[in-house]
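There are 2 protein chains.
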Amino acid sequence: MTADPRLSINQATIKYADLATALRVTADAGVRSIGLWREPVNEVGLDTAVKMLADSGLRFSTHCRGGFFTLPEGPERRASLDDNRRAIDETAALAAAGAEGSTAVLVLVAGGLPEGSRDLVGARSRVHDALTELAPYAQDAGVTLAIEPLHPMFGSDRCVVSTLGQALDLAADFDPSVVGAAVDTFHIWWDPQVYEQIARAGREGRIATYQVCDWKTPLPADVLLSRHYMGDGVIDFASLTRAVVETGYDRDIEVEIFNADIWADAPETVVARTVESFATTVSPHLS
Amino acid sequence: MTADPRLSINQATIKYADLATALRVTADAGVRSIGLWREPVNEVGLDTAVKMLADSGLRFSTHCRGGFFTLPEGPERRASLDDNRRAIDETAALAAAGAEGSTAVLVLVAGGLPEGSRDLVGARSRVHDALTELAPYAQDAGVTLAIEPLHPMFGSDRCVVSTLGQALDLAADFDPSVVGAAVDTFHIWWDPQVYEQIARAGREGRIATYQVCDWKTPLPADVLLSRHYMGDGVIDFASLTRAVVETGYDRDIEVEIFNADIWADAPETVVARTVESFATTVSPHLS
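Protein chains in written order, with my numbering: chain A, 703 to 989; chain B, 703 to 989.
Treat the hints with care, as some may be off.
Identical copies carry no separate label here, and so any pair may be met within one copy or between two of them.
Claimed, not checked - Okay, derived cross-link-like pairs now, SDA-like style, lysine to any residue, Cα gap no bigger than 20 Å in a straight line:
(1) K918 - D785
(2) K918 - L773
(3) K918 - D821
(4) K717 - A843
(5) K753 - D706
(6) K717 - E802
(7) K918 - R826
(8) K918 - F960
In short, the hints are calculated from the structure, not lab data.
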């Protein structure tokens, strides 16, 4: 089966593949684009990663991930913000090394409530503070920060940004080329406002990346790993994809799946299944 | 410790107690009100349950539960709507038997996506259809139907109503004395719009019940059982309770906890812990 030209494999989908393997199996499957994670990039070092990506001929769609912005002021918060600056630098370097059509997008996961805190409003305001601090740095680097709303089941321990509307509200004070949002079906499919907020994200120029995977119950014991191939669950990819396409979004679409069973498969198998799944659930709604 | 006069024990918190035991341990703890479930009521029969409730001297705060409205037209949907009419009758009879200050509120869980369906929009519209069908019956019986938004992690398999705002939108076509919303901290604490929607629910006269319990991670393998005593998790009961009080809500406040460890304890122990937990986390914000 021919891979959709807009499909990008997010490296987390083949979590146990090192960078060389991830690039090779993605390119070998005829996929044109890849989203990378910081750990495997830093395992080989940025300079080497940049060269490997360039040699692969693949586009680069996103870098995952920055964020974790909810800590109060102090050395840990400073270290986190410094680390985000490094992530911005990595994103710029990788986007420059990817094939034509690469995008310099750094996905941000806001972070959860600090240990012992119940102050969700305060945590959210510290996310805004962090964006204010990082935006000029990202702008100079030509990088778009993509705020990713995570499903509300992660609202306390991982990400205090829970809806696309909230991500857009957070982004509103910044230039859309600098701060946008990640539209990930897994996190937002349930939202009664999802279609109006996708349309709004498009109008405001803030769809930094569109990511797809499916939702199915029962959830596994570790709910972080409850993502599935498109078509295996209940998400309406037709309606959501058309809503994104109608905004004019015309860039890569990433498949990002965290799933212990899928991770246990050979990466070649996983990429082949991803290509098929994308072709039947997403591709028909792209034109 | 003296129980707060507004505390109501939802029977699900002591799931394995039969009706007689639930009424006895609640009253013995000095609690003034109870919310009942249909199964233990029907185990003894409605007439007997009515008499037992009257004899207990307790107020009746809610009946749990009706709903499951998302099936397409057919015999199963008809059976479900008939069952909701019986639940309305039960609610009216129990509320009339409870002590002064009892409320005739039937909590509704909307239901999930029908097997094999991905049509969330359609499922939601069938919830509205069911309310339209049941509202006159509820009105005649003097019962308020309380739409309960459930946490979005239940959005596909249990309840397609995921936010308080969505519940209020669904309720908008009906008289507030007939269709309201259940405000349950566990389900809505994460919502970026929670305070504005609580205020709206108050303005629109639609807070049919206020229920409390806590959220904590990691979630257990069965996420349905991830509810905790108030204070054991991350929910800000001070802010949420004050928001509810500011709307003028002055009725009972239920504690409804699904938790396998808590269910394994003796019901007397659970009620005592609930009384304490309520006194420290909710009572200070009620005046």
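Hint check:
no.	hint	in the structure
1	K918 - D785	neither (34 Å within a copy, 28 Å between copies)
2	K918 - L773	between (32 Å within a copy, 19 Å between copies)
3	K918 - D821	between (31 Å within a copy, 14 Å between copies)
4	K717 - A843	neither (28 Å within a copy, 58 Å between copies)
5	K753 - D706	neither (25 Å within a copy, 67 Å between copies)
6	K717 - E802	neither (25 Å within a copy, 61 Å between copies)
7	K918 - R826	between (29 Å within a copy, 19 Å between copies)
8	K918 - F960	within (13 Å within a copy, 22 Å between copies)
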